[in-house]
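Quick note, the sequences are listed as chains A and B, same order. Just so we're aligned: the first sequence equals residues 681 to 983 in this note's numbering. Just so we're aligned: the second sequence equals residues 681 to 983 in this note's numbering.
Some hints here could point you the wrong way.
Which copy is meant is left open, because identical chains are indistinguishable; a pair holds if it fits in one copy or across any two.
Stated by the list, open to error - Straight-line Cα separation of at most 25 Å, DMTMM-like style, residue types lysine to aspartate or glutamate; simulated pairs:
1) K865 to E939
2) K870 to D739
3) K865 to D792
4) K870 to D932
5) K817 to D829
6) K865 to E854
7) K817 to E948
8) K870 to D702
9) K817 to D704
10) K865 to D829
In case anyone wonders, no lab produced these hints; they're calculated from the structure.
Number of protein chains: 2
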Amino acid sequence: MTNRPVAFTGSRLDRADNLRADPDALAGMMNWKARLLALDGLMPQMDDTGGLLWGSLADAPEDAELVFLGLDPAGDGPAKPCFAAVPQQGDAAPRISNPRVWAAMMALSADDLAIYGGARSIVNWHARHRFCAQCGKPTRIAKGGWQRDCPAEAGGCGAQHFPRTDPVTIMLVERDGELMLGRGKGWPEKAYSALAGFVEPGESMEEGVAREVLEESGIVVHSVSYIASQPWPFPSQLMIGCHALAEPGDIDVDTTELEDVRFFTREEVQAAMNREEGAPFGAPPPQAIANHLLGWWLERTGS
Amino acid sequence: MTNRPVAFTGSRLDRADNLRADPDALAGMMNWKARLLALDGLMPQMDDTGGLLWGSLADAPEDAELVFLGLDPAGDGPAKPCFAAVPQQGDAAPRISNPRVWAAMMALSADDLAIYGGARSIVNWHARHRFCAQCGKPTRIAKGGWQRDCPAEAGGCGAQHFPRTDPVTIMLVERDGELMLGRGKGWPEKAYSALAGFVEPGESMEEGVAREVLEESGIVVHSVSYIASQPWPFPSQLMIGCHALAEPGDIDVDTTELEDVRFFTREEVQAAMNREEGAPFGAPPPQAIANHLLGWWLERTGS
Numbered sequence: 681m682t683n684r685p686v687a688f689t690g691s692r693l694d695r696a697d698n699l700r701a702d703p704d705a706l707a708g709m710m711n712w713k714a715r716l717l718a719l720d721g722l723m724p725q726m727d728d729t730g731g732l733l734w735g736s737l738a739d740a741p742e743d744a745e746l747v748f749l750g751l752d753p754a755g756d757g758p759a760k761p762c763f764a765a766v767p768q769q770g771d772a773a774p775r776i777s778n779p780r781v782w783a784a785m786m787a788l789s790a791d792d793l794a795i796y797g798g799a800r801s802i803v804n805w806h807a808r809h810r811f812c813a814q815c816g817k818p819t820r821i822a823k824g825g826w827q828r829d830c831p832a833e834a835g836g837c838g839a840q841h842f843p844r845t846d847p848v849t850i851m852l853v854e855r856d857g858e859l860m861l862g863r864g865k866g867w868p869e870k871a872y873s874a875l876a877g878f879v880e881p882g883e884s885m886e887e888g889v890a891r892e893v894l895e896e897s898g899i900v901v902h903s904v905s906y907i908a909s910q911p912w913p914f915p916s917q918l919m920i921g922c923h924a925l926a927e928p929g930d931i932d933v934d935t936t937e938l939e940d941v942r943f944f945t946r947e948e949v950q951a952a953m954n955r956e957e958g959a960p961f962g963a964p965p966p967q968a969i970a971n972h973l974l975g976w977w978l979e980r981t982g983s
Numbered sequence: 681m682t683n684r685p686v687a688f689t690g691s692r693l694d695r696a697d698n699l700r701a702d703p704d705a706l707a708g709m710m711n712w713k714a715r716l717l718a719l720d721g722l723m724p725q726m727d728d729t730g731g732l733l734w735g736s737l738a739d740a741p742e743d744a745e746l747v748f749l750g751l752d753p754a755g756d757g758p759a760k761p762c763f764a765a766v767p768q769q770g771d772a773a774p775r776i777s778n779p780r781v782w783a784a785m786m787a788l789s790a791d792d793l794a795i796y797g798g799a800r801s802i803v804n805w806h807a808r809h810r811f812c813a814q815c816g817k818p819t820r821i822a823k824g825g826w827q828r829d830c831p832a833e834a835g836g837c838g839a840q841h842f843p844r845t846d847p848v849t850i851m852l853v854e855r856d857g858e859l860m861l862g863r864g865k866g867w868p869e870k871a872y873s874a875l876a877g878f879v880e881p882g883e884s885m886e887e888g889v890a891r892e893v894l895e896e897s898g899i900v901v902h903s904v905s906y907i908a909s910q911p912w913p914f915p916s917q918l919m920i921g922c923h924a925l926a927e928p929g930d931i932d933v934d935t936t937e938l939e940d941v942r943f944f945t946r947e948e949v950q951a952a953m954n955r956e957e958g959a960p961f962g963a964p965p966p967q968a969i970a971n972h973l974l975g976w977w978l979e980r981t982g983s
């Protein structure tokens with residue numbers, strides 16, 4: 681465990697899940713006091729002070745589906761109900777490709793970043809799940825945006841659908857005081873990060889860590905332990921940061937996914953994290969949990 | 681961390697993900713040497729020795745979608761490719777309601793239980809995801825059953841869909857040497873277990889633990905730590921077992937979900953885990969991670 685804050689955590693909003701299932705309470709909040717998160721598609725919009733821009737529900741298109749994000753206790757008076765509108769188009773891209781998202785991630789406060797990330801994940805899910813996966817009929821938003829229903833009375837199958845979050849393990853693999861990191865295809869020059877992969881049905885997170893490392897590097901690991909987790913909104917992962925110890929053996933890179941996998945010394949990791957000019961690799965950005973994990977490891981192995 | 685085995689983990693199958701994306705390799709495995717897991721819908725079938733029953737691919741309906749489960753190294757000769765057929769009907773039920781599943785869980789070896797659980801999760805996902813959530817068109821199985829495609833050439837949107845695993849936190853909440861447990865509506869008489877809930881988009885697992893405990897019991901927690909995880913195939917959760925410390929304060933039960941929440945002493949938990957006749961509550965079954973967590977806590981707090 682570490683006490684360093686992880687990006688995209690720490691939202692000040694109270695999700696107030698008891699209000700989601702109460703149609704009267706929901707309707708009662710959708711008035712002139714409610715705030716609407718200003719989004720351009722899935723992109724955040726900023727106010728003059730560099731914070732997230734908020735408008736009123738009148739700013740949403742008339743037929744927009746609205747998601748209740750929670751109650752905002754900030755400012756004077758009672759907590760304000762906060763909503764976001766589902767955009768026309770979603771985005772299934774697992775990585776951040778838009779420079780505007782990067783710019784916002786650098787500019788927003790930790791608190792605003794957490795609100796944006798959570799809102800982005802859920803409105804993106806709605807935009808990509810307008811139909812029932814079980815029967816193909818159109819679905820309807822329900823419970824303030826925390827559910828979609830396939831309405832039997834409109835010819836659907838009656839299935840209920842819930843926002844999706846994909847657990848992904850991301851792991852520091854250590855051997856003889858060195859860390860194994862990998863470099864994905866098409867990554868920025870010199871960039872290396874922790875190996876990562878989706879937890880599959882039928883495996884624990886420890887089994888997922890061991891399988892992913894073996895698949896991507898040919899290295900067998902043991903003693904998997906948990907470090908920290910992070911919600912990652914591209915599109916909606918739960919990143920589960922772990923540490924594992926590597927058995928002896930040569931690295932065999934899975935070249936379908938990766939360009940390189942290698943071990944780095946503590947000094948090399950430290951130089952990369954310090955963004956030194958001569959560093960042998962580029963460390964992941966501070967918003968990524970991989971950066972947090974590397975910082976944790978440097979602290980832990982520091983003398 | 682604890683070394684006690686968790687049910688549904690420890691499958692002997694090698695998922696061999698490199699073969700999934702290789703159509704020639706997949707086709708080459710679908711011959712008379714391949715084994716088909718015998719399922720009656722989603723129910724396991726048993727052989728004479730009480731193990732999982734396996735047949736050949738000829739036992740599958742001609743138009744059945746087949747999922748490649750992995751290579752089985754058991755027995756003589758080369759590892760055998762293992763498949764399961766997607767049933768007509770899926771089941772979205774979060775809890776185990778069928779007595780035949782319970783009977784199988786009690787009877788199967790740990791290894792067979794892990795194979796069954798993983799197979800059940802993924803064939804159930806296919807059965808409930810035959811249509812594209814983005815555009816409503818029929819999808820096709822791909823990559824040996826680890827993907828579904830919405831084919832653009834058949835009028836679809838081209839989206840790719842992946843098996844779903846829902847992260848769920850389940851937590852021991854401790855205060856003054858006692859554990860807080862809850863009792864869901866409709867549970868068997870006297871049954872109590874750890875509180876649990878889905879991790880939502882936009883929160884870390886630690887934040888998920890704190891929110892769920894607050895929602896269900898009114899209790900504020902801190903110092904959340906990770907204990908163990910488990911794949912739970914009803915329908916496909918990743919159970920993330922945690923421990924947390926409770927602040928002072930009275931319990932306020934969320935009666936929409938729970939019938940009761942209360943603290944139990946170490947002696948009461950021990951009596952329940954021993955299945956003593958006079959135990960104040962019924963402990964969760966050994967296959968549930970909640971049982972594992974209670975055992976971990978008793979060991980940890982034992983003198």
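Hints, one by one, checked against the model:
1. Taking the closest pair of Cα atoms, K865 and E939 come within 25 Å of each other only inside a single copy of the chain (5 Å); across copies the shortest separation is 52 Å, beyond that limit.
2. Neither within a single protomer nor between protomers do K870 and D739 lie at most 25 Å apart by alpha-carbon distance, with minima of 44 Å and 52 Å respectively.
3. With identical chains, the CA atoms of K865 and D792 are never at most 25 Å apart, being 31 Å at best within one copy and 38 Å at best between copies.
4. Taking the shortest Cα distances, K870 and D932 sit within 25 Å of each other inside one copy (19 Å), while across copies they are farther apart (53 Å).
5. In this assembly of identical chains, the alpha carbons of K817 and D829 lie at most 25 Å apart whether taken from the same copy (10 Å) or from different copies (18 Å).
6. Taking the shortest Cα distances, K865 and E854 sit within 25 Å of each other inside one copy (23 Å), while across copies they are farther apart (46 Å).
7. For the identical chains of this complex, K817 and E948 are neighbours neither inside a copy (54 Å) nor across copies (50 Å), given an alpha-carbon limit of 25 Å.
8. Taking the shortest Cα distances, K870 and D702 never come within 25 Å of each other, neither inside one copy (52 Å) nor across copies (30 Å).
9. In this assembly of identical chains, the alpha carbons of K817 and D704 never lie at most 25 Å apart, being 27 Å within a copy and 35 Å across copies at closest.
10. Proximity of K865 to D829 under the C-alpha cut-off of 25 Å is restricted to the inter-copy arrangement: shortest distance 23 Å between copies versus 39 Å within a copy.
Checked against the numbered hints given earlier, the structure breaks hints 2, 3, 7, 8 and 9 and satisfies all the rest.
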